[in-house]
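Participant: Sequence:
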Amino acid sequence: QVQLVESGGGLVQPGGSLRLSCAASGRISSINSMEWYRQAPGKQRELVAVISGGSINYASSVKGRFTISRDYAKNTVFLQMNSLKPEDTAVYYCKVAGTNYGTGYESWGQGTQVTVSS
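Residue numbers (the numbering used here): 11 to 128.
Heads up, some of the hints might be wrong.
Said to hold, decoys possible - With a straight-line cut-off of 27 Å between C-alpha atoms, the simulated BS3-like cross-links for lysine-lysine are:
1) 73 x 105
2) 95 x 84
3) 84 x 73
4) 105 x 84
5) 73 x 95
6) 53 x 95
7) 53 x 105
8) 84 x 53
Said to hold, decoys possible - Computed Cβ-Cβ distance ranges for the label pairs, DEER-style:
9) 43 x 74: 18 to 26 Å
10) 51 x 29: 22 to 30 Å
11) 112 x 20: 37 to 45 Å
12) 127 x 56: 15 to 23 Å
13) 21 x 114: 12 to 20 Å
14) 127 x 11: 31 to 39 Å
Keep in mind that the hints were calculated from the coordinates and are not lab data.
Note that beta-carbon positions come from the ideal geometry of N, C-alpha and C, so glycine has one too.
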């Protein structure tokens, strides 16, 4: 069982910054990918950023403003969000996928609210 704990959300003015964290714990033998999603009210959940092996990808809407990074020793993924816009307002979720001693797993965080408003 892999548990994810997210932190770092909050209220910020347009143009401001926030840093989200997502720490994985429990029975983990390997992590293949760590991802951030977001879901705004009335909209579908969308992929924001993913780090998998040596590859990093971003949604076009956040490219150049958001940075995903990973602390391999602490099984933690971060999302640095700069130049925030009101349209970035959403609940942000992290997802971790990998294998535990030959069995695949996929775990989701509980979500953290990000609100961009003046």
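Participant: Would you check the hint for residue 105 and residue 84, treating anything up to 27 Å between C-alpha atoms as holding?
Facilitator: holds (16 Å)
Participant: Decide if the proposed pair is consistent with the structure: residue 53 and residue 95, CA atoms, cutoff 27 Å inclusive.
Facilitator: holds (17 Å)
Participant: Residue 84 and residue 73 were given as a pair; does the straight-line alpha-carbon distance stay at or below 27 Å?
Facilitator: Satisfied, since the Cα-Cα distance of roughly 26 Å is no more than 27 Å.
Participant: Against the range 31 to 39 Å, how does the distance between the Cβ atoms of residue 127 and residue 11 compare: consistent or not?
Facilitator: Roughly 37 Å apart at Cβ, these two residues keep to the hinted range, so it holds.
Participant: Given the hint that residue 95 pairs with residue 84, does the C-alpha gap stay at or below 27 Å?
Facilitator: It is violated: about 30 Å lies between the C-alpha atoms, which goes past 27 Å.
Participant: Has the given pair, residue 53 with residue 105, been kept, meaning a C-alpha gap of at most 27 Å?
Facilitator: The given pair, whose Cα atoms are some 18 Å apart, holds under the 27 Å limit.
Participant: Do the alpha carbons of residue 73 and residue 105 lie within 27 Å of each other, as the hint requires?
Facilitator: holds (19 Å)
Participant: Evaluate the given range 18 to 26 Å for the C-beta pair formed by residue 43 and residue 74.
Facilitator: holds (22 Å)
Participant: For the pair supplied as a hint, residue 73 and residue 95, confirm whether the alpha-carbon distance does not exceed 27 Å.
Facilitator: Holds, at about 13 Å.
Participant: Do the Cβ positions of residue 127 and residue 56 conform to the proposed distance bound of 15 to 23 Å?
Facilitator: Once the Cβ atoms are compared, 20 Å apart, the range 15 to 23 Å for residue 56 and residue 127 holds.
Participant: Do the alpha carbons of residue 84 and residue 53 lie within 27 Å of each other, as the hint requires?
Facilitator: Since the Cα atoms of residue 84 and residue 53 sit roughly 32 Å apart, the hinted pair is violated (cutoff 27 Å).
Participant: Quick check: does the Cβ-Cβ distance between residue 21 and residue 114 fall within 12 to 20 Å?
Facilitator: Once the Cβ atoms are compared, 37 Å apart, the range 12 to 20 Å for residue 114 and residue 21 is violated.
The structure fails to meet hints 2, 8, 13 from the earlier list, while all remaining hints are met.
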